[in-house]
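Chains as they are written, first to last, in my numbering: chain A, 1 to 372; chain R, 1 to 372.
Read the hints as simulated data drawn from the structure, not as lab findings. There could be a bad hint or two in this list.
Pairs count within a copy or across copies, as identical chains cannot be separated in the list.
Said to hold, decoys possible - In silico lysine to aspartate or glutamate, DMTMM-like type, Cα no more than 20 Å apart, as pairs:
{"#": "1", "residue 1": "K322", "residue 2": "E74"}
{"#": "2", "residue 1": "K322", "residue 2": "E302"}
{"#": "3", "residue 1": "K179", "residue 2": "D124"}
{"#": "4", "residue 1": "K50", "residue 2": "D109"}
{"#": "5", "residue 1": "K140", "residue 2": "D318"}
{"#": "6", "residue 1": "K241", "residue 2": "D355"}
{"#": "7", "residue 1": "K179", "residue 2": "E302"}
{"#": "8", "residue 1": "K241", "residue 2": "D195"}
{"#": "9", "residue 1": "K189", "residue 2": "D109"}
Protein chains: 2
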Amino acid sequence: MSAASVPLRRALVVGAVMLLSPMGCASSAGVARADSEQPTSRDAPAPRPKWGLVIHGGAGVISRENLSPEREAEVRAALTQSLQAGHAVLAGGGSALDAVSAAVRILEDSPHFNAGKGAVFTHDGVNELDAAIMDGTTRKAGAVAGVRRVRNPLSLARLVMEQSPHVMMVGEGAEAFAKSRGVELVDPKYFYTEDRWQGLQRALEKERARQQPASSLPAGYDPVSGDHKFGTVGAVALDQKGALAAATSTGGMTNKRYGRVGDAPIIGAGTFADARCAVSATGHGEFFIRYAVAHDICARVEYQNVPLWQAADVVINDVLVKAGGEGGVIAMDRDGNVAMPFNSAGMYRGYVGEDGEPVVAIFREAEAAGAK
Amino acid sequence: MSAASVPLRRALVVGAVMLLSPMGCASSAGVARADSEQPTSRDAPAPRPKWGLVIHGGAGVISRENLSPEREAEVRAALTQSLQAGHAVLAGGGSALDAVSAAVRILEDSPHFNAGKGAVFTHDGVNELDAAIMDGTTRKAGAVAGVRRVRNPLSLARLVMEQSPHVMMVGEGAEAFAKSRGVELVDPKYFYTEDRWQGLQRALEKERARQQPASSLPAGYDPVSGDHKFGTVGAVALDQKGALAAATSTGGMTNKRYGRVGDAPIIGAGTFADARCAVSATGHGEFFIRYAVAHDICARVEYQNVPLWQAADVVINDVLVKAGGEGGVIAMDRDGNVAMPFNSAGMYRGYVGEDGEPVVAIFREAEAAGAK
Numbered sequence: 001m002s003a004a005s006v007p008l009r010r011a012l013v014v015g016a017v018m019l020l021s022p023m024g025c026a027s028s029a030g031v032a033r034a035d036s037e038q039p040t041s042r043d044a045p046a047p048r049p050k051w052g053l054v055i056h057g058g059a060g061v062i063s064r065e066n067l068s069p070e071r072e073a074e075v076r077a078a079l080t081q082s083l084q085a086g087h088a089v090l091a092g093g094g095s096a097l098d099a100v101s102a103a104v105r106i107l108e109d110s111p112h113f114n115a116g117k118g119a120v121f122t123h124d125g126v127n128e129l130d131a132a133i134m135d136g137t138t139r140k141a142g143a144v145a146g147v148r149r150v151r152n153p154l155s156l157a158r159l160v161m162e163q164s165p166h167v168m169m170v171g172e173g174a175e176a177f178a179k180s181r182g183v184e185l186v187d188p189k190y191f192y193t194e195d196r197w198q199g200l201q202r203a204l205e206k207e208r209a210r211q212q213p214a215s216s217l218p219a220g221y222d223p224v225s226g227d228h229k230f231g232t233v234g235a236v237a238l239d240q241k242g243a244l245a246a247a248t249s250t251g252g253m254t255n256k257r258y259g260r261v262g263d264a265p266i267i268g269a270g271t272f273a274d275a276r277c278a279v280s281a282t283g284h285g286e287f288f289i290r291y292a293v294a295h296d297i298c299a300r301v302e303y304q305n306v307p308l309w310q311a312a313d314v315v316i317n318d319v320l321v322k323a324g325g326e327g328g329v330i331a332m333d334r335d336g337n338v339a340m341p342f343n344s345a346g347m348y349r350g351y352v353g354e355d356g357e358p359v360v361a362i363f364r365e366a367e368a369a370g371a372k
Numbered sequence: 001m002s003a004a005s006v007p008l009r010r011a012l013v014v015g016a017v018m019l020l021s022p023m024g025c026a027s028s029a030g031v032a033r034a035d036s037e038q039p040t041s042r043d044a045p046a047p048r049p050k051w052g053l054v055i056h057g058g059a060g061v062i063s064r065e066n067l068s069p070e071r072e073a074e075v076r077a078a079l080t081q082s083l084q085a086g087h088a089v090l091a092g093g094g095s096a097l098d099a100v101s102a103a104v105r106i107l108e109d110s111p112h113f114n115a116g117k118g119a120v121f122t123h124d125g126v127n128e129l130d131a132a133i134m135d136g137t138t139r140k141a142g143a144v145a146g147v148r149r150v151r152n153p154l155s156l157a158r159l160v161m162e163q164s165p166h167v168m169m170v171g172e173g174a175e176a177f178a179k180s181r182g183v184e185l186v187d188p189k190y191f192y193t194e195d196r197w198q199g200l201q202r203a204l205e206k207e208r209a210r211q212q213p214a215s216s217l218p219a220g221y222d223p224v225s226g227d228h229k230f231g232t233v234g235a236v237a238l239d240q241k242g243a244l245a246a247a248t249s250t251g252g253m254t255n256k257r258y259g260r261v262g263d264a265p266i267i268g269a270g271t272f273a274d275a276r277c278a279v280s281a282t283g284h285g286e287f288f289i290r291y292a293v294a295h296d297i298c299a300r301v302e303y304q305n306v307p308l309w310q311a312a313d314v315v316i317n318d319v320l321v322k323a324g325g326e327g328g329v330i331a332m333d334r335d336g337n338v339a340m341p342f343n344s345a346g347m348y349r350g351y352v353g354e355d356g357e358p359v360v361a362i363f364r365e366a367e368a369a370g371a372k
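With the rest of the complex left out, here is chain A (with noise of 0.2 Å):
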């Protein structure tokens, strides 16, 4: 590991440990910063921003009692592979969109993520498939909700965003656009996983077991059994030329039924992208979008001029938390600056800075305690 990277995994690890601090405070030092991972150049003095990427593989309730050492090693190695996917297009001198959208393919790609191969099952035993990205110099942006049959969401999301003139298509409609641009539909059987199948199973037996549907339960009643509430990934980008850009992919909640469509598509809720800030959320969707977080965390960046981490922070440790709503976010702004704050126990997240050496982390103790 170069030198460079230090910083932040210390940073990951400080935000591990910090954040182990009473929810509702909004502890300044509860996020990751990558203030110093910049290498000098002697001959190029004027600072400039120092590019990079962030990703999660979503946030919940992840601990090592549910988290098997070989399951473990696999997320590690698919986020790992994710970062270098992305390092891989930024250090070509590519684009912030094509970094976070080799990312999430890497992520959508993995079983082991709520997203794509791998997505959690509706009600009825399906998959329906929701995805946003944006451009934060063009703020154009392209999203898909409730696809059933697109192998990679975020893909479509792109292609909505690059050669049509919406932002956001849904269902049916969605995948006769896809269909009409050559995008690969999949046989649905395509998403199945034994794990998520037995999830809904579960979740299946709970409202047996309560005698009432989920949807006549109050706002704020979480169907989803806590071992299968996270996985939706996403990341976002600073490139070489300073472009910004987030993405985010989802398969949305175990047992979601009526057409259910959480943050992850919406703009300002679970993604957002401008010239100053990039976000990508994960967690209690319902939340992020009453409290339009990702957003928020970029108005409170340019209107109350706070640094990135303190913005991010406030938001998920404060507003959240009082709200009642679980995730987190990772979010990166135009100086290279790195956040990525969560208030449910753990969240599967990983940084890659110039130096091209990945940073994983999944839990807070096991970060602190790899830290002494």
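Since the structure of chain A is already known, use the hints to place chain R on it.
Just chain R, lined up with the frame of chain A:
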């Protein structure tokens, strides 16, 4: 007309006049304010919020040339009726949520607006309806998109908010939810109006003339002919208890394809309310999504501590104009201040305060002339 409604009427007029200035200019007087609405009370000198209701029936190319006197009279009558319905709720001590629901329902049921009865047609000749509602006090929200058989989509959005754990439902799933809650589903023919059907035929003809489908055109291209690019309806209200709510309902864009969803059902884009600020938007939805217009206005009010009129004016007449996004918003804050800026030729709009005197406006010039 009572004296109390004069300042608002003048404000509507002033707004109209000022908005004639170059669109890129963020005029500080270019919006309506209702600062003097509240009758003073001798034995209760403490200031209290001025309750009231603001509505819109869409923004766009509205001119004397394409609006016959007969139609104008009908539009004004419907807007007035909507204001009266909302006022009755508020005057009786009802909630802002109930007031915006009542006001929007009248406009959904009127064939003159692009929502409910009278919605525009999709490329495939059907009506796909979107709506959202948000309670500023609790931040609870409900939204539906792409429903085809729900007579009053806003009522369904409210049911999503109140009787499900979710915020957003789309397509057939949303209709299945409607059915499960006993919502009246209508024959899709209910939404038909000859005007809108002819609007689709003109759009299709134009598209054929161009020899390319609208969806292959670059982002920003607007497939809707000028005279049909308006009609989304919405309302914001402040009730006697000081609670704010926002609601929006629409048929979207004529000739839309592929399950396109605009800004109306996107919380933070076309619809948003918090404890301090409520916004409903109308216009070229893709821009309102990319700029998270409704949330951005409220974020400026909160984080920049600027007056509502200024926040709304900057977003509509500066940010959106520079981006090329046509449309407008209605907004209220917790002190009862009102803003209704638009950067298009006209916007169907209206306001009613405690005195119950509805004030309705459509054009810029006409209002200005009438004020002399």
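Where does the structure disagree with the numbered hints, that is, which hint numbers, in rising order?
1, 4, 7, 8
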